[in-house]
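Asker: Taken in order, these protein sequences are the chains called A and B. My numbering applies: residue 9 is where the first sequence begins, and numbers increase by one. My numbering applies: residue 746 is where the second sequence begins, and numbers increase by one.
Hints were generated in silico from the structure; no laboratory data involved. Some clues are possibly wrong.
Cut-off 25 Å, straight-line C-alpha distance, at most; resulting in silico cross-link-like pairs (SDA-like, lysine to any residue) [claimed, not checked]: (1) A:Lys103 / B:Thr944; (2) B:Lys951 / A:Asp189; (3) B:Lys950 / A:Tyr24; (4) B:Lys935 / A:Lys40; (5) A:Lys40 / A:Val147; (6) B:Lys951 / A:Val147; (7) A:Lys109 / B:Ile1043.
Model, not experiment: these values are computed from the prediction.
Each chain, written out:
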Amino acid sequence: MAPETKISAHDINFFYGKTKALKDISLDVYDKQVTAFIGPSGCGKSTFIRLINRMNDLIPGTRVEGRIMMDGLDINHPKTDVVDLRRRVGMVFQKPNPFPKTIYENMAYGLIIGGIRDKSFIEQRVVTSLKRAALYDDVKDRLNDSALKLSGGQQQRLCIARCLVVEPEVLLFDEPCASLDPISTRKIEELILELKKDYTIVIVTHNMQQAARVSDYTAFMYLGELIEYDRTEKIFTVPRQRMTEEYLSGKFG
Amino acid sequence: MTTNKSVTDNLIETCPKKGSQQRKLFRLSDFTQVLGFIFLIGCILVALFFLGSIIYFIFSRGITIISWEFLTEVPRRAMTKGGVAPAIVGTLYLTLGAIAFALPLGLASAIYLCEYSPGNFVVNIIRLAINNLAGVPSVVFGLFGFAVFVKLFGFGVSILSGSLTLGIMALPGIISAAQEAILAVPQSYKEASLALGATHWQTIKKVVLPTALPGILTGVILNIGRVAGETAPILFTAATFYTRGYPNSIFSEVMALPYHIYALMTEGTRPEVQTAIAYGCALILLALVLAISACAIILRQKQRITYGS
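Please model the complete structure; the sequences and the hints are all you need to start from.
Answerer: What follows is the structure, encoded as structure tokens:
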């Protein structure tokens, strides 16, 4: 059975000033599936996923054409509530970026800025989210310690847990393991596989094996173009484009 | 070993002249290095000597008069007896007033310049103006304060006028320091906050400012410390030679340590007694300013420990 479409992009063009970073990207991201974006550095994969939660708004001089729809919401429409969108679409960054606050404060942040004051509710959400991110046992005795004292892998899982607190529908991972050691990487990958039961996940990765291990769909991008997009096992076994095959076999990139 | 030796021998044989020249050059550069080093050390020692002798001079002359009475009592018998407590209190009031005025204003300006300004021509002019404000002589600030706060706004010669004048003088430094502290907050913190659905203002309030706070406070304290000992800005705006007791409102004129020193040295009728009092005041002022700076250093140190940078 074919999964439902969660996000669909239509003819997306994106410009940094006069440089065209994305060229006519159209694709559908499916609900409760892991979609991986692979491709060499600078191919536009991060730029693309940052369109889904409008993080590119922060960069001055950028412009987007085309439409991205999420459950009927036109993401780039000027009247779209960005704050609400970002609550629905969580993001985990390349470098773990916990705030220089306690673990608990990091976790509660999303709720507090959302105006929630009920302490027992916050506490319960924090605990379930930490458990969800398989971090609770590591940190349950030191919730009031600085988050910066955690190891890199723990910090990244904290960042994932921090997203889960606000109960998003989509999770964007922008090279989440780029700065982590192999064991931490494996933990994050296991977590992604676990989380996809409840969330639509989009992940950008440099690591092709990682895409093969965690994703259901894989998009291969090159120089701002979407070269091929299909089920992951097809991309990795019988790619239709020669360029995809060459990239996957390490002939360039 | 043998091969090494033969290679060296070989080198010397093939270019003996060059070798000796190089050795000479080395010796020359060694010599200039040592000379340069001695020169630099000498400069530091001279600077330290002046600093040390100022402290020693003020301390040795001022310490003799310092006593509990001197710190806690009002002046008596035409400034020849009693203490200088009103001047200490006055300086504290003026300093606190300057902070109360300059901190919010400077912080708000820095937030605007860092976070909201479009970064265009007008903003660059604002930045330039702020930086130039730092170079304006203090007596000019004093005249400005007199014309605007004392006369135009009708605050009179008062704590309020003096605090505002000192505050304006500290403002450029505070804005620059706050800007630096805000810009030093990693972009990744802001991204994390915004990505969690925080508004720009929430991000500033909950992430940027708390992270930048130690840096901002350090800047505020250092700049306040710098202006707290100024005489010229309060000369026409706040200070007076003698008050009966302590000020009772922000519209009172006050005694202040820097002005008190100035007055004792220029208008005193019994210099043989009053000069000693002036040195006592100088010592207290020096201690106050050093204490303020020490606060800044402690804060900065604490920040380093917290963020491990």
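Asker: Run every hint past the structure and note whether it holds.
Answerer: Structure-based check of all given hints:
1. A:Lys103 / B:Thr944: Holds, at roughly 22 Å.
2. B:Lys951 / A:Asp189: violated (31 Å)
3. B:Lys950 / A:Tyr24: violated (29 Å)
4. B:Lys935 / A:Lys40: violated (28 Å)
5. A:Lys40 / A:Val147: violated (28 Å)
6. B:Lys951 / A:Val147: Measuring from Cα to Cα gives roughly 23 Å; hence the hint holds.
7. A:Lys109 / B:Ile1043: Cα-Cα ~20 Å, so holds.
Comparing the model with each numbered hint stated earlier shows that hints 2, 3, 4, 5 do not hold.
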